[in-house]
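Peer 1: Below are the chains, spelled out letter by letter.
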Amino acid sequence: MTAALSTKDLSVRFGAFRAVDGVNLNVRPGARHALIGPNGAGKTTLVHALTGSLSPTEGSIAIFGEDITRLSEKDRVRRGLARTFQINQLFRGLSVLDNVVLAIMERDRKTLAFWRSAAADKRAHDEAREHLAFVNLTPHADRAVRDLPYGSQRLLEIAIALATKPRILILDEPAAGVPSSESQAIFERIHALPQDLTLLFIEHDMSLVFRFSDRISVLVAGQVMVEGTPAEISSDDRVKEIYLGRRTGHAA
Amino acid sequence: MSNLITVTVDGIAYGMLLFLFAVGLSVTLGLMRFINLAHGAFAMGGAYLAVVLVNSGGLPFLLALPLVFIATGAVGAVMERSVIRHLYDRGALQQVLFSIGLAFALSAIATIVFGPQQQGVQIPSWLLGRISIFGLQISGYRVFLVVSGAVTAAALAYLFDYTLFGARIRAAVDNRVAAEGIGIKVDRLFVTTFAIGSALAGVGGALSIEMLGLDPTFAFKYLTMLLMIVAIGGAGSIEGSLLAALFLGVVDALFKYFLPEAGSFVIFGVLVAVLVVRPNGLRGRTA
Amino acid sequence: MSTSSATQGGFYSRIGIQGVTLVLFAGSIASYFLFPEHLALLTQLFVLMVFALSYDLLQGHGGIVSLGHAAFFGLGAYAAAILARTGYNDPLLGLVFAAIVSALVALVLTPIIVRGNDFTRLLVTLGVASLVYEAANRMRWLTGGADGLPDFEIAPLLGLYRFDFEGRTAFIYSFAVFALTYMFLWRVVTSPFGLALRGIRENARRMPAIGSPVRRHLAVAYTLSGGVAGIAGAVLAQTSRFASLDMLGFDRSAEIMMVATLGGSGHMVGVSVGAAAFGWLKDVLSTVSPKYWQLGLGIVLMLSVFVARGGIGSLLDRLRFRRSA
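Line by line, the protein sequences give chains A, B and C. Sequential numbering of the first sequence, starting at 0, is according to numbering that gives the first Met the number 0. Sequential numbering of the second sequence, starting at 0, is according to numbering that gives the first Met the number 0. Sequential numbering of the third sequence, starting at 0, is according to numbering that gives the first Met the number 0.
Hints are all accurate, no fakes.
Pulled a few chain C residues facing chain B out of the computed Cβ check, cut under 7 Å:
id, residue
1, Val64
2, Gly126
3, Leu130
4, Glu133
Quick list of the computed label-pair ranges, beta carbon to beta carbon:
id, chain 1, residue 1, chain 2, residue 2, range
5, C, Arg214, B, Ile130, 50 to 60 Å
6, A, Pro178, B, Ile181, 25 to 35 Å
7, C, Arg186, A, Ser233, 51 to 61 Å
8, C, Arg215, B, Gln136, 57 to 67 Å
No farther apart than 25 Å at their CA atoms in a straight line, the calculated lysine to any residue pairs in the SDA-like style are these:
id, chain 1, residue 1, chain 2, residue 2
9, A, Lys73, C, Thr109
10, C, Lys281, B, Phe113
11, B, Lys220, C, Lys281
12, B, Lys220, C, Leu244
13, B, Lys220, C, Tyr291
14, B, Lys184, B, Ala166
15, C, Lys281, B, Pro115
16, C, Lys281, B, Val112
17, B, Lys255, C, Ala145
18, B, Lys220, C, Asn136
19, B, Lys255, C, Asp146
20, B, Lys220, C, Lys290
21, C, Lys290, B, Gln117
22, B, Lys255, C, Gly248
23, C, Lys290, B, Gln116
24, A, Lys73, C, Asn116
25, C, Lys290, B, Phe113
26, B, Lys220, C, Asp146
27, A, Lys164, C, Arg215
28, B, Lys255, C, Arg139
29, C, Lys290, B, Ile111
30, B, Lys220, C, Asp117
31, C, Lys290, B, Asp214
32, A, Lys73, C, Ala218
33, C, Lys290, B, Gly119
34, C, Lys290, B, Val112
35, B, Lys220, C, Pro289
36, A, Lys73, C, Arg204
37, A, Lys164, A, Arg78
38, A, Lys121, C, Arg186
39, C, Lys281, B, Leu92
40, B, Lys220, C, Glu133
Hint data in this document are derived by calculation from the structure and do not stem from the laboratory. From the three backbone atoms N, C-alpha and C, an ideal C-beta is built for every residue, glycine too.
Model the full structure from these sequences, guided by the hints.
Peer 2: This is the structure:
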């Protein structure tokens, strides 16, 4: 079966530093694929390379068998590869609803029209409200994003990405900075996403990773050290030592 | 042929003047990322101070220069501490508006105090005489400008590129929080840097009077030229500013002499071309 | 039609803004009867308002700063003047011609303007505007150089209304241009394109991540903005029967940036009122004492960075909220 998202020998170098070093990734369609690894392992750099905000030094990237290595970020989104950001990248001065409406209108190529009323586009607004309902933000639709509680802003990140109608969604620490009580709720929403949507997500909280993923890649020093099912990863000694061990060491 | 050489030498002297005038702006812009459109007004302030010190105070011109350096530097330090530091994290637009406002106010004050007429400054006659170098008759003041420019460039390049101060300031600009974390006193660095930039503006202004004249429009008249030098040289690069200033000075002199109808058109064309090819200038430090 | 305030954000509560807009238009018309001996000044105020609105499309809605917008204003002025001197002196024809010339130049320049950060943009726009200025200065045969282009006639408006000495036709003409461009730009900023433009202002980094063609949006914005600025310049040239280098100059570019910001970036009523107030104050004060006008303006600009951010527009909003509360 063709992978939804795959990389071949993908490398990103900054000078002599290999942030991503020969990564071969295969994410199957409909997967709930987690990307874990210690800080500085290159996870976010890998995401940047996948989504096209950073061009790789070597290697190639494909979605559903189509090579997208040379496509711009915009064109990758248009082919169905969307992402959320670890640090909120929202349109803070716009209303919550407009944030999603904008993504829908860009998706439908409606934003070149400067002679029509945006408000009159009922279909886009109705769809935007559906996305907001999915992430439980309906009551906040008319508020300015900058006035929104942080946890709700994290959910809006997801709603905006969903509005692009992705086939593959990359979530860069969707619950970053959110207290654990709320991060549960965020992952419940992610879990409720349609099964045919392929998910690749970065997450630090191991209990969330093991609960919500069906496949895990462990990235260490820019390389995939090991990949497997949650059961395989949790019993892997190297993972325990390098990743889990270090984390408990930190906590102690 | 000798015309060509004379014009080129004139251009080099003019370029050195532009360098002295612009380098302070390059420092504040490149190292502190503050868009100071009042730089020309600071230079104007230094120039008027020199006029007062020399013409009314009877000080010799060469003695007035260090006083101008200290005075404009001190004013710059006070401004940085009181107002400008609040502008660092504001956007470019706010910095532009503030500094244009400051330039307007300073220019208006100059008009109110000194009137709209041209001012001159007494320069010692031995500096104005002609010197013969390799058979070329060159005005002593131009030689003086070239020497001052070269010394200033060397001193600044040393200060910013080879001393701990320079390393600290670059660290502070790259990552303020991290720099503070390792014990760098960023506030003090910034006030020093801004004071140096202002002091250089003041001296540059004082040195310009002889060649460019001085009236209240000085605050804006050369602003475009200054920004161009910084843009072409790359903000924050001393060598870049020097090369850009010399280049513009020589090109300007050559075209004014040999092809006057092209005028400043060539200069602006060069600016736009450079910015299209290298948005951060030829030797940009800012990413 | 939906009246959801959310689609336009807090600023653009649709009913509210239209109410204020009507007051703005009514005030404009009333000025004709209130200050009948100042019609020439009022005409200039409308020109400034149109120019400010054109710049606000870029800075206020798209978040793109420019220190060279007068280039498009001046191009429009020269285009209208040159066309009139060749004998095609119908005012509306001149207006259309000026709009096309300025819009085309803006479109051609976009690839070099729309790149880099704010600082390089400021420099490139400044450099390009200086280039245009120098070109106009050098091409004496076309532009009259430093002397400007005087002595051309403008045919009666719609073939009926002569541009009279008292400036009545000029007033009506410039007001009509203001009202129409206002409504046009209002449509633009409330359109899907306008939403995308505000998206670029709010977070240019996120835009490609939702599949947005940012460069294309900016090119459209620049072209529209340049065209409208050209219209403003054309009206000034036609009603004053003069085009000159200062219409292209740095002073005018810096001034329009101030006017748009003091009026309230992204707030069309605020920008319009701000432009009118600025133009009027400048006319009154700079004839009394240019140096104190400049000093006052400098101080106001410096203060504006720290207090009253959001300009006149946000003051108007606050007023409205208080009234409705």
